[in-house]
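Chain by chain, the residues:
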Amino acid sequence: MRQDSQIRVLRRWSHGPIPARAGVGLKPEHYESVLETLPDIGWFEVHPENYMGDGGAPHFYLSRVRARYPISFHGVGLSIGSAGPVDKAHLARLKALMARYEPAMFSEHLAWSTHDGAYLNDLLPLPYTAETLNVVCRHVDEVQTALGRRMLLENPSTYIAFAHCELSETDFLGEVARRTGCGLLLDVNNVFVSATNNGFDADAYIDAFPAAHVGEIHLGGHADAEDDTDAPLLIDAHDREVKDAVWALYRRALSRTSAVPTLIEWDNDVPAWPVLHAEARHADAVLKENGTTHAKP
Amino acid sequence: MPSLEQNQSAFVAALREPRQDPPSFIAEPTPRSSLRRFNVYRNNVYAGLIGVLGARYPAVQRLVGDEFFKAMARIFIDGHPPHSPVLIEYGSGLAEFLRTFEPAADEPYLADVATLEWRMHQARHAADAIPLHASHLIQLDEGSAARLTIRLAPAVSLIVSEYPVFSLWRANASDEASSGHQTFSGAECVLVTRPDLIAEAVRIPQSSAMLIAALLEHKPLGAAIGSVLAVDPHFPLHRTLALLIAQKAIAGVASQDETFEETPS
Numbered sequence: 001m002r003q004d005s006q007i008r009v010l011r012r013w014s015h016g017p018i019p020a021r022a023g024v025g026l027k028p029e030h031y032e033s034v035l036e037t038l039p040d041i042g043w044f045e046v047h048p049e050n051y052m053g054d055g056g057a058p059h060f061y062l063s064r065v066r067a068r069y070p071i072s073f074h075g076v077g078l079s080i081g082s083a084g085p086v087d088k089a090h091l092a093r094l095k096a097l098m099a100r101y102e103p104a105m106f107s108e109h110l111a112w113s114t115h116d117g118a119y120l121n122d123l124l125p126l127p128y129t130a131e132t133l134n135v136v137c138r139h140v141d142e143v144q145t146a147l148g149r150r151m152l153l154e155n156p157s158t159y160i161a162f163a164h165c166e167l168s169e170t171d172f173l174g175e176v177a178r179r180t181g182c183g184l185l186l187d188v189n190n191v192f193v194s195a196t197n198n199g200f201d202a203d204a205y206i207d208a209f210p211a212a213h214v215g216e217i218h219l220g221g222h223a224d225a226e227d228d229t230d231a232p233l234l235i236d237a238h239d240r241e242v243k244d245a246v247w248a249l250y251r252r253a254l255s256r257t258s259a260v261p262t263l264i265e266w267d268n269d270v271p272a273w274p275v276l277h278a279e280a281r282h283a284d285a286v287l288k289e290n291g292t293t294h295a296k297p
Numbered sequence: 298m299p300s301l302e303q304n305q306s307a308f309v310a311a312l313r314e315p316r317q318d319p320p321s322f323i324a325e326p327t328p329r330s331s332l333r334r335f336n337v338y339r340n341n342v343y344a345g346l347i348g349v350l351g352a353r354y355p356a357v358q359r360l361v362g363d364e365f366f367k368a369m370a371r372i373f374i375d376g377h378p379p380h381s382p383v384l385i386e387y388g389s390g391l392a393e394f395l396r397t398f399e400p401a402a403d404e405p406y407l408a409d410v411a412t413l414e415w416r417m418h419q420a421r422h423a424a425d426a427i428p429l430h431a432s433h434l435i436q437l438d439e440g441s442a443a444r445l446t447i448r449l450a451p452a453v454s455l456i457v458s459e460y461p462v463f464s465l466w467r468a469n470a471s472d473e474a475s476s477g478h479q480t481f482s483g484a485e486c487v488l489v490t491r492p493d494l495i496a497e498a499v500r501i502p503q504s505s506a507m508l509i510a511a512l513l514e515h516k517p518l519g520a521a522i523g524s525v526l527a528v529d530p531h532f533p534l535h536r537t538l539a540l541l542i543a544q545k546a547i548a549g550v551a552s553q554d555e556t557f558e559e560t561p562s
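Sequence lines, in order, name chains A and B. Take the first sequence: its position 171, counting from 1, is numbered 171 in my numbering, and each next residue is one higher. To convert, count from 1 in the second sequence and add 297; that's my numbering.
These aren't lab readings, by the way, just hints derived from the structure by calculation. Bear in mind the structure is a predicted one, so any value in this text is a computation, not a measurement. We put the beta carbon where it would ideally sit given N, CA and C, even for glycine. Any given hint could be a false lead.
[Unchecked claim] Pairwise CB distance ranges, derived in the manner of DEER restraints:
| hint | chain 1 | residue 1 | chain 2 | residue 2 | range |
| --- | --- | --- | --- | --- | --- |
| 1 | A | Glu32 | B | Ile542 | 25 to 31 Å |
| 2 | B | Ser300 | A | Ser255 | 35 to 41 Å |
| 3 | A | Arg138 | B | Val499 | 49 to 55 Å |
Based on the sequences and whatever the hints tell you, model everything.
The structure is reproduced here in structure tokens:
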């Protein structure tokens with residue numbers, strides 16, 4: 001392991017934006033492999049909530065990874081879609097952690113996860129109404145103002161839909177981006193999962209997505225289940241390889257967006273590093289192939 | 298149409314009550330198809346938090362068995378939901394909960410095992426400290442040593458139990474270690490530290506625990522030693538101090554004359 005003085009020198013090189021390449025979610029299982037082999041990979045993403053302890057191994061490893069690679073913070077706890085207020089104490093902790101690690105991107109979810117002060121540990125679905133739009137825009141504004149930076153908002157994976165919606169999800173996200181200036185994180189696996197679960201066309205969703213606002217793409221694996229009527233029910237499990245249908249949807253998305261940083265999410269049944277790295281290389285190859293076949297402004 | 302607040306209140310109420318139907322404002326792609334769909338959310342909320350508790354309290358889980366642990370954790374979660382998305386901080390109340398959890402009354406040591414596991418978890422995430430080098434202590438003469446106040450590292454804590462808490466924990470902390478319900482007896486004291494990145498638990502004599510407890514209360518070393526010697530004249534002072542140094546548990550010392558601190562370099 002390198003000395004701290006060398007780390008400080010290296011840190012200066014790793015500032016700047018995240019490249020339009022593949023990255024992966026950084027898992028504790030891979031800390032040692034990454035630091036020992038310094039793999040050729042564009043960037044890493046972490047959930048900031050996992051690094052809000054005072055010290056110990058998480059900070060030891062993240063600071064060393066950060067010295068060598070750009071990182072992105074992908075929050076799971078701001079509960080942007082809560083009817084209640086944004087947790088200001090949590091926002092302050094997030095801001096302090098950003099000052100320490102200087103992530104090149106910050107993203108959160110179009111979802112809610114807290115209610116009456118209790119944290120529900122899941123990304124829960126929202127009805128796309130004018131009221132929800134106002135709530136989400138107010139919270140995105142508040143977060144961007146507090147953090148002093150632009151955030152990306154991610155389309156959710158959903159298992160149910162609401163009887164009363166006034167906007168489509170793509171129109172809703174486009175309107176949030178237009179009103180707040182935030183960017184969008186297009187999770188292609190979530191599109192596939194939600195489309196299957198809620199009976200809409202994934203290709204049409206990608207075609208309707210406000211592509212100009214996309215600053216990052218997520219890819220991940222999902223699990224197959226069935227609902228009470230034996231209809232397919234896909235679970236956004238992040239526990240396996242990206243499926244072929246999702247790779248195809250990724251190509252379709254890239255034909256509409258600019259080349260953007262793309263993340264492989266694999267959070268459960270985490271594989272050995274070479275398996276995860278191979279998924280990232282696959283995404284890199286698709287990005288490259290897309291770059292040579294589509295000339296973008 | 299319910300307001301967003303009404304929507305979320307009803308959603309949460311249905312999440313918490315497994316026998317309740319999903320909220321009526323959920324659209325059903327086909328009639329009666331929404332229960333398993335809604336159960337994905339129920340499962341994510343509870344299975345996720347039960348998993349967090351299981352990873353944090355592996356010895357408690359092995360001692361009571363998976364099925365009991367899951368049922369117990371669910372009751373704990375309903376009474377003590379997390380109040381922050383920082384789940385590193387979740388689960389501190391489990392030991393207190395277990396003290397009065399009637400179905401576990403025949404395993405009265407569980408609460409102390411839970412305390413030990415929580416302290417190990419806290420030690421993993423405690424603030425980093427630069428350990429004081431032994432040479433700082435060796436340089437001191439007896440008189441100034443007595444007036445020293447020893448500052449222990451943030452990861453350091455002590456568990457004093459009337460049960461064989463260390464033996465129970467060690468025998469159940471991992472699948473490899475697991476030896477089930479072996480018969481252990483006697484009271485045990487445990488020192489928890491984090492010498493580098495890994496938290497460690499060490500069984501220590503009761504008199505050593507008395508000294509460390511006094512140091513945790515910031516008593517000067519001389520007074521702390523005196524209070525232990527009054528109870529146990531054969532108290533292993535040198536071994537206790539050597540253990541604290543070996544475990545990198547001493548983060549600084551202060552005397553009336555001067556302060557010794559390692560400064561980060």
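Hints, verified against the model:
no.	hint	in the structure
1	Glu32(A) / Ile542(B): 25 to 31 Å	holds (28 Å)
2	Ser300(B) / Ser255(A): 35 to 41 Å	holds (40 Å)
3	Arg138(A) / Val499(B): 49 to 55 Å	holds (52 Å)
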